[in-house]
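Chemist: Below are the chains, spelled out letter by letter.
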Amino acid sequence: MKVIKIDKNQWTQGVDAARKSYQLFGPVKIKENYCFAPLQGTQQPDMNVVDTVLSPKSAVFPQTEKLLSATLDASKPAHHLMKRADTDYSPRAVIGIRPFDARAIDLVKLNFDTKEYRDPYWCDAHDATTFVGLAVNTPSQFDFSTSMGSGPFDEKGLDVLLVDTDSAYLAKVITEKGQAFMACAGFDQEATPDDVQKIEALKKTAEQAITTKVDTDNLKEKSLLDLHQAPFWDDVAFSCINCGTCTFVCPTCWCFDIQDETKGNDTIRFRNWDSCMSPLFTLHGSGHNPRGEKTQRVRQRFMHKLKYFLDKYDQGTMCVGCGRCVKSCPVNIDIREVCNLMNAYEPQK
Amino acid sequence: MNNPYMPYPVRIDDIEVATEDRSLKTFTFTFLNPDDEVAFDHKAGQFAMLSIPGKGEIPIGIASSPTEKGFVKFTVFRTGVVTKALHNMAVGDIMGIRGPMGNWYPWDTLKGKNVVIIGGGFAFTTLRASIVYMLDPANRANFGSIDVVYGARSPGMLLYRDELFEWEKRDDINMHITVDGCDDPDWAYNVGFVPTIVEQKAPKADEDTFAIVCGPPIMIKFTQPALQSLGYGENQIIMSLENRMKCGIGMCGRCNIGKELVCKDGPVFTLEALNKTPREY
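Protein chains in written order, with the working numbering: chain A, 31 to 379; chain B, -17 to 263.
To be clear, the hints were calculated from the coordinates, so they are not data collected in a lab.
Some hints here could point you the wrong way.
[Said to hold, decoys possible] Quick list of in silico lysine to aspartate or glutamate cross-link-like pairs, DMTMM-like style, CA-CA up to 20 Å:
| id | chain 1 | residue 1 | chain 2 | residue 2 |
| --- | --- | --- | --- | --- |
| 1 | A | K113 | B | E19 |
| 2 | A | K106 | B | D75 |
| 3 | B | K258 | A | D344 |
| 4 | A | K59 | A | D76 |
| 5 | B | K66 | A | D143 |
| 6 | A | K139 | A | D287 |
| 7 | B | K25 | A | D46 |
| 8 | A | K342 | A | D218 |
| 9 | B | K241 | A | E146 |
| 10 | A | K96 | A | D287 |
| 11 | A | K59 | A | D81 |
| 12 | B | K241 | A | D76 |
| 13 | A | K35 | A | D46 |
| 14 | A | K145 | B | D247 |
| 15 | A | K50 | A | D218 |
| 16 | A | K32 | A | E220 |
| 17 | A | K139 | B | D247 |
| 18 | B | K37 | A | D287 |
| 19 | B | K258 | A | D256 |
| 20 | B | K258 | B | E216 |
| 21 | B | K25 | B | D118 |
| 22 | A | K250 | A | D143 |
| 23 | A | K96 | A | D118 |
| 24 | A | K186 | A | E206 |
| 25 | B | K241 | A | E251 |
| 26 | B | K37 | A | D296 |
| 27 | A | K252 | A | E376 |
| 28 | A | K113 | B | E216 |
| 29 | B | K241 | A | D341 |
| 30 | B | K37 | A | E95 |
| 31 | B | K241 | A | D143 |
| 32 | B | K51 | B | D153 |
| 33 | A | K342 | B | D247 |
| 34 | B | K151 | B | D118 |
| 35 | A | K96 | A | E291 |
| 36 | B | K37 | A | D143 |
| 37 | B | K37 | B | D75 |
| 38 | A | K38 | A | D196 |
Throw the hints in and build the complete structure from the sequences for me.
Modeler: What follows is the structure in structure tokens.
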């Protein structure tokens, strides 16, 4: 694999060069918080932010997105016939995405790009995007990515992995998309073998800095029904206020709602992020609700992440250990504890 | 690229009030583009999204049989935003259909078998499609005996009444029509709840007999023991489920029961398969 050395003095210049061919997304401060957003004008990504409040999933899965549009004006040709909304899918690059977030997008792809159906909105956005990741040298106290099939230097889902060595970035060029981005930015100085060794050392240090260990090794063999009927769910859900924060900050939560909005004769079909924490999520037209109780909804979220997804795809859990839900939950519900509970659960015979 | 969110444009060709309380109407649609009709190649038991621009989409079972060509039919209960808008639409109006979606009754398994159809209330739509499909001259010889237990609150709440009474006259299908109650002295059929009539009239199980059950949760709940007392095994009881849906193609995440998605892995499940799920429906 090619490793390129980018002197930090040249970084801004390279980003500006890439800006000519790519729409850039990166971590920026919005009000008090850091989020991934399109970089405006000459705005530079803040490469020192370890965990943004929201994950960069919105680069390929916007919080609200136009799907289709139509005119309801019966005097117009093609009235009431829906057409695909005009969306810009020219090349874009997400700069500074952390490895666990790139891993998350890779997992979410399993949902949107299937044998039977391909979601054209998600897939077109994904195809258009180059993921220029940034390894985590100093993991936060909430990071447990090494337990969840990812890690601070994980390359899955990335096109380029940048490693910060103080004076320079060492860039592992992983895919052709990544190669094209580097060429566009004018980064072409090959790293020396000494530089490459630094990456390994930093990786080791970072992995060792993650002290939280979450056990997932038994989840696969546990019975789905046993876990569903386990007695701890009421305790887990007791303090939950169903605010949905965990689902919005989660890089792997992909559930969405579809709604039509009309102004005058113009109608647009949107999709919006939805949350399994809301009772409306599953409410039937009849008033019946299969997950009408809070405990059922909390259980659904953890079971989906840690058991249903695992059983369905056999690609690990649908949690990448970013720790955002742990950090943001207003009542301190902790997926690490729930995962350990599930992993250790033995039904009473 | 094929966009699974893009509805096929259709025109409403016929609207028929289906029940005496006018809460259900049967809509007949034709495709604006003949190619779309070919692409919409469904099997009895599948559903589709009815799509009204500006209002939204609803998942509804397909009531016409694949053997009926040139149109598709849906019977819709007026209950929410989209169904209310649909009930107010007129013949000639343009809207959309996405589908067909989901799996279907297991027609390969049912080949050469006796079939007992059990339905209640509005949930007779895909069962009607199935009966029309099985009675088609090209298909009838592929099945053994066909029994139908269908019940509604009152005679006027039975769907597809003309067809029901025609099927009554045939000797290649055993109809057991029932109503919960009736003050018409000329009512010539059964009075009683579906599970009771199932116990009295449905054939006893053998390995060549399968039951297809579709109805409100309370009917399903009490029909299950009735079928089990007749000897039906869990793999011989076939059920069609519904859950709230948005995408219909397995992506939006809300219709799951455990790891199964009602929209894509269902809506048809055997009781055996359902017993392996957390049964959140």
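Chemist: Any hints this thing doesn't respect? Which numbers, in order?
Modeler: When the structure is compared with the hints, numbers 5, 7, 8, 12, 22, 28, 32 and 36 turn out to be violated.
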